[in-house]
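A.B. asks: What follows is each chain in one-letter form.
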Amino acid sequence: MIREKRVIVLLVLILVLIVLLVYSLKPEHQVDFASDVKPILNKHCISCHGGVKKNAGFSVLFESEAMAVTNSGKPAIIRGSARKSELIQRLHHTDPELRMPYQKTPLSEDEIKILTDWINQGAKWGTHWAYQSVDKTEIPKATSIFDKKNFLANPIDHFIAARMEEKNLLPNSPAQENIIARRLAFDITGLPPEPNLFKSFVNGKITYENYLDSLFSDRGYGEKWASWWLDLARYADSKGFETDRGRSIWKYRDWVIKSFNENIPYDQFTIEQLAGDLLPQPTVDQLIATAFHRNTMNNDEGGTDDEEFRVAAVIDRVNTSFDVWQSTTIGCVQCHSHPYDPIKHDEYYKVMAFFNNTMDEDLFDESPNLKDFSLDNQREIDNILNWIKSNGNDELFKIFKNFIQFQEPKYPAHDFSIVDIEKDLGTINALDISLRNGGEAVLRSFDTQGYENLYLMNDSKLGTKLYFRINNRKGDLLAKIYFQTDLKNESDDQIGDGFNYFDPRTKIIKVKIPKIHEPFDLFIKSINSNLVDAKKNINHYEKAARLNISNISWITTLPELPEKGTKKNKILSKKLFNLITKKAKNKTPIMVENPQHMKRKTYVFDRGNWLKKKEEVETGVPQILNPWEKDLKKNRLGFAKWLVNKKNPLTARTLVNRVWHQIFGKGLVSTIEDMGTMADTPSHPALLDWLSYEFMHSMNWSVKKLIKTLLMSATYRQSSIVSEGKLAVDANNLFYARGPRLRLTAEEIRDQALSISGLLSDKMFGPPVMPPQPEGIWEHAYLGNLWKTSEGEDRYRRGIYTYLKRTSPYPSMITFDAGSREVCLVGRSPTNTPLQALVTMNDPVYLEAAINFAKSYSNKEAKAAILEMYQKATLRKVDEEKLNNLMLLYQEAKLNFENDPEQLVDFFGMDQSTDVKTASLAIIANAIMNLDEFLTHG
Amino acid sequence: MDKIKKLLAEQRVVEAQFNSRRHFIKDCTLGLGGLALGSFLNSCSSGSPTTPAYISDRSLNPMASLSAPFLPKVKSVIYLHMVGAPSQLELFDYKPELAKLHNKPCPPSLLDSKKFAFIQGVPNMLGPQANFKREGETGNWVSNHLPHFKKVIDEVAFLKAVHTDQFNHGPAQMLMQTGSPRNGRPSMGSWVTYGLGSENNNLPGFVVLTSGGTPDAGKSIWGSGFLPSVYQGVHCRSKGDPVLYLKDPKGVSRNLKKKVLESINDINLKEYKKFGDPEVLTRINQYEMAYRMQVSVPKVMDIDKEPDTIKDMYGVKPGKEAFANNCLLARKMVEQGVRFVQLYDWGWDSHGASPGEALDSGFLKKCKETDRPIAALILDLKQRGLLDETLIVWGGEFGRTPMWENRLGIQNSPGRDHQGDAFTMWMAGGGIKKGVVHGKTDEIGYSGIEGRVSVYDIQATILHLLGFNHEQFTYQFQGRPFRLTDVEGHVINEILA
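Chain order of the listed sequences is A and B.
Counting from 1, position 876 in the first sequence corresponds to residue 1253 in the numbering used here; the numbering is continuous, with no gaps.
Counting from 1, position 227 in the second sequence corresponds to residue 412 in the numbering used here; the numbering is continuous, with no gaps.
Hints were generated in silico from the structure; no laboratory data involved.
Hints may contain errors.
Claimed, not checked - Here are the simulated DMTMM-like cross-link-like pairs (lysine to aspartate or glutamate), alpha carbons at most 20 Å apart as the crow flies:
#1 B:Lys435 x A:Glu1279
#2 B:Lys300 x A:Glu1279
#3 B:Lys424 x B:Glu554
Stated by the list, open to error - What the simulated footprint calls covered on chain A by chain B, stretch by stretch (three residues with Cβ under 8 Å from a Cβ of chain B suffice, anywhere in the stretch; the number is not a length):
#4 574–587
#5 971–978
Positions of the beta carbon are idealized from the N, C-alpha and C atoms, including for glycine.
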């Protein structure tokens, strides 16, 4: 026995020796930094030696840091000599105080070997794949077996086949016509296909491609894909913080729908949203597009610092821009260099400098707002503008056009401060400066631009005098206004009726001032000793309202209109400001850049704290990405163009990956929000690059073409049936040996129910609608805004038009994983919960749909009705078993309603029908609308 | 891959169980008539000693109960958030020195470089608007506005120097509940149910109960952030359906509903057999749970059936939206294994600008509404032996100034402005050192001078008691691990037993 054991031990030893010998003779494998080394550093080292902590003065985040001298006085990595490198020594150390990773499990032998080899081979640093530019990629040759299976419909399939082959997988056969027809319809339009179109395709009258093209030309395409983009854009119909008041920004939603339908190239789509206002002579649509970044949240809460929330919005814009276009979570860099990716702390603020110069400042009225005038008013405005253009110059025209469109530039109330605040003679709130008798406010560094017309939006009590002084409280008088007459009677000094949230009497006042070219401090003092005494037993606000004699919401200066001194000048000037103060039909918050004299400086914030400013920075982009081309303007427009430069490594890859995710339910890089070094490795890197390259170069950024390419592939057309074998080998369908089978989105589930039951309205665009929702959802402790259920067809509009209040989104949509749109949502994660079952079983919206659905079949014999309903809803033929099952349920329902006529009346509620058959069929409809095959796209 | 193999094996079991259970239900139904499916499922499954896979497996049931990584001290949390921020100076933080300064101008040194929500210029100081007494064996201070609280004062551990860097309601509430003043992070209850699941398969794991209105920060305060939405808080309402769409449609009897459900699940099972997608099995499971919830949620929400002594103890107001009702509901829920019960009581923003928010009026009403139910909750949990496995947390989102608010330059009814530098919170229940006072403020209760703890420390401590190390409890998102306490937080060992 013992001898045998010894022999075995000896044999094993010999074997080990041979293996070791062979191994050592084998030429050393060339280690790749990006795929071999970086993951180890990220996993074991970087949390203590990276962007956040640099223990012992050592960091492995940037090459320069990794090779630099550490606290020990020498570098931790000596290129070419692992033996001399402390990095390697420490991995082997026996002293637990010195062995790395500190107090954690040691690295495996394999990992140590990789690092050792890497250093011995010269410790060559590399670039993470996603930061390398997108190059033309060869299409792999798939073997004939895939060809024989008719799997090679387009290049995508070659890439997919190549990977399948490695795993010994074979594709599924194509899905049945009816199934693929439904899948396509939902993926393109978010709705079931139009019956005739469906029939033509299933009967072979039109080709797959024709069917698909018809769907693409359906305007439903824009509505479906806009939902996806609006998640990224964090579009909502409310401001977000605290009381979460409404916001009218739906024109942006409509712009997105139109842009998809018109298939605006993605580069243009990008530029218009980020910098439409900076394009030469922007159209109204291009201005609306900039509302993309006005979807940030506003805070109206009393006592909040507008600057804090302006900065918060700017930070959100930086983060969102990188989330949306670069799959990069730059948010971490706000406080310190990126923990894992080579982006430096100050680079965050260089990007922020692009976004830090817009005029929006968390104001209550959300200005700047693009105003919609009535057609009549617009016509008059255009006439005056044309007169300005032909009698003045382009510059003058531009100034007035902008001022009419969005009333900028101006100095809002919060730019002022109260002089001698402790005297309680003035306050500044969200809307205006309120001055009491003797109250004084100052605006620092007021720049008149040398214009001689001072305008102020104000509401002052009769008998009030306003004094404007230069540089100090006793300084030279700039202007004086005496409110002698009732403001309702027009005088020469005041122009037009204003509108203000609290007081519609507010006016725009014009005062002549001398020409001054240098900025100065403007002091405004108000005097009126004719005061009504504040009564007792009234609250703060009433008391204050009685004491305040002058409320000023903004001031600005403007140049003179052409033909100064003429009667025409006087009339048109008055008319123009009259028109400006007309109440807008609708206002949309947009981005407007500060003029030169109002430009803000941008600083690095110490550890991300906006109150602790460090060094000033200029605009710039992260070095790891494509270089900044010199001819680009250093503003948002330049930034947008930099993003869509074909050398940008992330823009196309990001878009391709996310469109793929929409179609297949997961990304080629499964971490769709991140492509940085901590991201998952792409399942099909070559395919990702091929599609990205083609998207930019041959498809010319056409999103429709990109989607179509995906849908034309045999990969997409496969049946989604999964065998046990495939489930075992590839549970997550990483290799695409079967077609996608996704649950419909929140909007699609609702739209589908309304569509098959004939209720869905095809009305497009316009203000958001309020379909029925349970009572008490929109409760807020001290805000009277109520959900006013829409009437007529607005009850049945597509889900994308439903009012989205951030703090209280439409409940059934939230249950099906729609977001609340407070921040950018890169992808919805589909869940499967009991609350969803409650929605589709019990929500009155679904009941109404079921009843309506049943009504159109109630004159048919029950079995035939069920058969047709099933087919209408699922686009499949019902099999015998399922039909029997539903027939049984029908009998049960019928019995139920026959035995209890009261229940029948209850069931129909307001609806006057009291037909047992319709009710029973509605129960069937309700069941069908809860079937998995109804809720997924097969 | 192991998970998949396991799933495949489980799936056969589930299928078998499903079939047999269905038959059993049918049999039961034939024998017993119109009893609820929910009770059948409970009684039917009680025969099997092990939890079936469709309940215990996270891939089939995202609420499957998991054990905590470390030994937990408590199973459940009841968090009593007084929305609007109650004044510590009228409840627990006794400051006789402040009384001497009453109605005198605030020394400028206290105003230097300070930011306030509403105070402007130089306000006056406001002395305590309450009388204080030492109560209980520990002799801890409590004001006369909380006469019932003194009965349980020895059960609680006080934190007298909590601080926050947010002084507006919305952001401060977000910070307290999600670890970030901005939206987008998961709430504490979501983290906890994500980490531990639920012990009751017929009720939501994270329940939110509100009185007086929705918190300023809105519903995202119980949102799941980047965690799957299944972990968001379920707002159980006192008016209408307690959970949205819980009630069957009018005219649909329970019996008919059961038939509908059977029909749906039968056809779905066929679909599963054809397509083999495990998601279908999950859906079948969720439909059953929905059906059970329709019975179990109204049952747990029904306080009428409680004995009168209990109703009196809490001072409930049946049929109304009331904090007292919510306290009783919280007890019922933790009793049934709900993991996290979050109460929000709105109306504590005592600025003094109107009677409703004045310390001599609205504030007193709030004290009265909450004092008795809170004491009852602690005593009731104790008498049921549940206090040891439940953590109760009480607090607002920040504290209030020792100055008299002078909004718009006018001093009105007694009221205090927001302030984050020092406020009082307390905890009671499992793992908590009873009667301890941790932290101390200066003579006027303006700043903490000893034992200062941050919002993150509170969160770290709550997670600790549930068996988590807050630094290790992370979720990978956007390429980095996120945690409730961000990069901060220390467990407050001084209040741990």
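A.B. asks: Are three or more residues of the region 971–978 of chain A within 8 Å, CB to CB, of chain B?
C.D. replies: With 0 residues in contact (Cβ-Cβ under 8 Å with chain B), the coverage given for the region 971–978 of chain A is violated.
A.B. asks: Does A:Glu1279 lie within 20 Å of B:Lys435 when you go C-alpha to C-alpha?
C.D. replies: holds, 10 Å
A.B. asks: Under the criterion that the straight-line Cα-Cα distance not exceed 20 Å, is the pair B:Lys424, B:Glu554 satisfied?
C.D. replies: Holds: B:Lys424 and B:Glu554 sit about 19 Å apart, inside 20 Å.
A.B. asks: Mind taking a look at whether chain B covers the region 574–587 of chain A? Criterion is 3 or more residues with CB to CB distance under 8 Å.
C.D. replies: Three-residue rule not met by the region 574–587 of chain A, so violated; n is 0.
A.B. asks: Between B:Lys300 and A:Glu1279, is the straight-line Cα distance small enough, at 20 Å or below?
C.D. replies: Violated, at roughly 64 Å.
This entry does not satisfy hints 2, 4 and 5, going by the numbered hints stated previously.
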